[in-house]
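Enquirer: Next come the chains, spelled out residue by residue.
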Amino acid sequence: MNETAQPWPHGHAAHAAEKPVVAFRNVFIEFAAPVLADVSFSVAPGETRVLLGPAGVGKSVLLKLSNGLLRPDSGDIWLFGEEIARTPEEKLLPLRTRTGMVFQESALFDSLTIRDNVGYQLIAEHFPDEEIDRRVREVLSFVGLEQTFDLFPGSLSGGMRRRVAIARALIHDPELLLYDSPTGGLDPVTSSTIIELIMKQRDVRRTSSILVTHRLQDAFTLCTHCFDPDQGRMMPLPEGQADPGTTFLMLEEGRLIFDGSLHELVHSENPFVREFLE
Amino acid sequence: MAIPLIEKTAKNFVFTVQDFSIFAYQATMNLFRPPVYWTDFLMQSDIIGVGSTTIVLLSGFFTGGVLALQSAATLSAFGATGVTGRFVSLTMIRELGPVLTGIMVSGRNASSMASELGSMVVTEQIDAMRALGVDPIRRLVTPRLYACIAMLFFLTIIADFCGILGGAFVTKFMNNLNGTQYFSEAWEYLRASDITQGLVKPLFSGFIIATIGCFNGIRTTGGTEGVGRSTIQAVVWASILIIFVDFLLTQVMLTIFR
Chain W
10 MNETAQPWPH
20 GHAAHAAEKP
30 VVAFRNVFIE
40 FAAPVLADVS
50 FSVAPGETRV
60 LLGPAGVGKS
70 VLLKLSNGLL
80 RPDSGDIWLF
90 GEEIARTPEE
100 KLLPLRTRTG
110 MVFQESALFD
120 SLTIRDNVGY
130 QLIAEHFPDE
140 EIDRRVREVL
150 SFVGLEQTFD
160 LFPGSLSGGM
170 RRRVAIARAL
180 IHDPELLLYD
190 SPTGGLDPVT
200 SSTIIELIMK
210 QRDVRRTSSI
220 LVTHRLQDAF
230 TLCTHCFDPD
240 QGRMMPLPEG
250 QADPGTTFLM
260 LEEGRLIFDG
270 SLHELVHSEN
280 PFVREFLE
Chain L
5 MAIPLIEKTA
15 KNFVFTVQDF
25 SIFAYQATMN
35 LFRPPVYWTD
45 FLMQSDIIGV
55 GSTTIVLLSG
65 FFTGGVLALQ
75 SAATLSAFGA
85 TGVTGRFVSL
95 TMIRELGPVL
105 TGIMVSGRNA
115 SSMASELGSM
125 VVTEQIDAMR
135 ALGVDPIRRL
145 VTPRLYACIA
155 MLFFLTIIAD
165 FCGILGGAFV
175 TKFMNNLNGT
185 QYFSEAWEYL
195 RASDITQGLV
205 KPLFSGFIIA
215 TIGCFNGIRT
225 TGGTEGVGRS
235 TIQAVVWASI
245 LIIFVDFLLT
255 QVMLTIFR
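Protein chains in written order, with this note's numbering: chain W, 10 to 287; chain L, 5 to 262.
Hints are not guaranteed to be accurate.
To be verified - Computed Cβ-Cβ distance ranges for the label pairs, DEER-style:
#1 Asp142/W to Asp50/L: 22 to 28 Å
#2 Pro253/W to Asp50/L: 33 to 39 Å
#3 Leu246/W to Arg233/L: 49 to 55 Å
#4 Asp142/W to Glu99/L: 51 to 57 Å
#5 Glu134/W to Ile10/L: 45 to 51 Å
#6 Val18/L to Ser83/W: 20 to 26 Å
#7 Tyr29/L to Thr96/W: 16 to 22 Å
#8 Leu286/W to Ile244/L: 54 to 60 Å
#9 Gly183/L to Glu134/W: 56 to 62 Å
#10 Ile236/L to Pro63/W: 32 to 38 Å
#11 Gly230/L to Ser83/W: 40 to 46 Å
#12 Ser83/W to Ile10/L: 28 to 34 Å
#13 Tyr29/L to Gln250/W: 56 to 62 Å
Unchecked claim - Straight-line Cα separation of at most 20 Å, SDA-like style, residue types lysine to any residue; simulated pairs:
#14 Lys209/W to Thr233/W
#15 Lys100/W to Val40/L
#16 Lys15/L to Ile26/L
#17 Lys100/W to Ile26/L
#18 Lys100/W to Phe36/L
#19 Lys100/W to Met33/L
#20 Lys28/W to Ser49/W
#21 Lys12/L to Phe40/W
#22 Lys100/W to Pro39/L
#23 Lys28/W to Arg107/W
#24 Lys176/L to Leu73/L
#25 Lys12/L to Thr225/L
#26 Lys209/W to Arg146/W
#27 Lys100/W to Leu35/L
#28 Lys209/W to Pro54/W
#29 Lys176/L to Phe165/L
#30 Lys100/W to Gly137/L
#31 Lys100/W to Tyr29/L
#32 Lys28/W to Asp268/W
#33 Lys15/L to Ala41/W
#34 Lys209/W to Arg242/W
#35 Lys209/W to Gln240/W
#36 Lys15/L to Trp241/L
#37 Lys209/W to Leu154/W
#38 Lys100/W to Thr32/L
#39 Lys15/L to Phe40/W
#40 Lys176/L to Phe66/L
FYI, nobody ran anything at the bench for these hints, they're computed from the structure. The C-beta atom is built at its ideal place from N, Cα and C for all residues, glycine as well.
So here's chain W without its partners, still in its complex pose (with noise of 0.2 Å):
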């Protein structure tokens, strides 16, 4: 990687030392119409971005440009420090097995039994039977759905469709972990389980990540609270502290309008932010 044209345009300071797990500069894709204009910004090894926007700016164009499941018409994209937008598909996989991906609805396989869905990367790269069992026990632990084990997707509920892609996604003990709104239409609550695993892996593992999202509260549940390992649970932090690992991007019609900490954007003086806010 061209480590003097590799962008870092809103770095933090507890990040802004180290190799970015994710880069884009300059990114500009469109269908029919323009769908992402000029997008520039950088995820930071153990740094979580949370992607704001309403419906249709293209939030999740831009987390499918991240892994290289879409190519930009311009810009360079870098992932683990390679450059992906203009690199063949058979050297993007090896690079994909880095990273899990949460799908908007899940996108589990089927035909597939929750193991084989959990186990799907282990078994395409031959794992013994018995060390798939074990890890995707292991993960359906992680996520409290061990006994779906032999169960087929399609006699699971929304919000446990969405947890076992959590738990494919983490199987292979990714570097960077992408989420494509995994709370869209789901309760309150099952909201909130969700949201408990990705601060999970946030806090406990330190996972580099991308959470897409519209939903304000779960925004700032990430951003407010930290996993506690002892008691199993997320615990608010101090009144007026955020976590820091914890940043936001905007988006507004294709461009990117914001890229701060929850203090600058809660405090930001842009209108759409303001309205979105409000």
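Keeping the supplied structure of chain W fixed, place chain L upon it in accordance with the hints.
Expert: Here is chain L on its own, set in the frame of chain W:
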């Protein structure tokens, strides 16, 4: 007004052919680079081969029967009903066996491949597979392609055999002609070149069914309605191409074996 429309249609057609060529090349060449998913190949062979046996068996039998009925009616005018066996076996082995099997399997399997892969596209399962570092062409298309080619070869042999049996049944029990003479004629005039012609064609048909079915499936857009559209296109294009390629191959084979 018409010129831009023609230009757009022509460009779309050229791009589609280009995409299809790259897709078919990748699917074919994946066999020669690991990983190769042999378990998926066997599963697809079971779905395509064993699953299609009944329709191929029945369609072959009745086609042979119809051929015997029609040919006997015509040949009787020349007092040549004795050559019914030769007519049925040559027609089945050289032409109708491969083409009918191709079209029957295309109706059953090109549609199922397009709808299965199309559903996976619209529910983001293909993207999920790519995100997990697995190549969907290698995992889903290549096993279907080689299973389809291998199974169509054997299904065509079954169709040919059942067609000749159907012709024999009609000749013996409906036309009240000599069954032994039927089989004797069917066997005696059969040449290696006829069998070669008949067994090369299903290899091409198998390739067409799998690549067209999977290509349409993997390019699905527009939700569940798009899945339906892809399924129709897969069957229509696969059937047309099977007949067109059969025409070309027949011309080539006739030149070679003249």
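Enquirer: Where does the structure disagree with the numbered hints, that is, which hint numbers, in rising order?
Expert: 2 and 11
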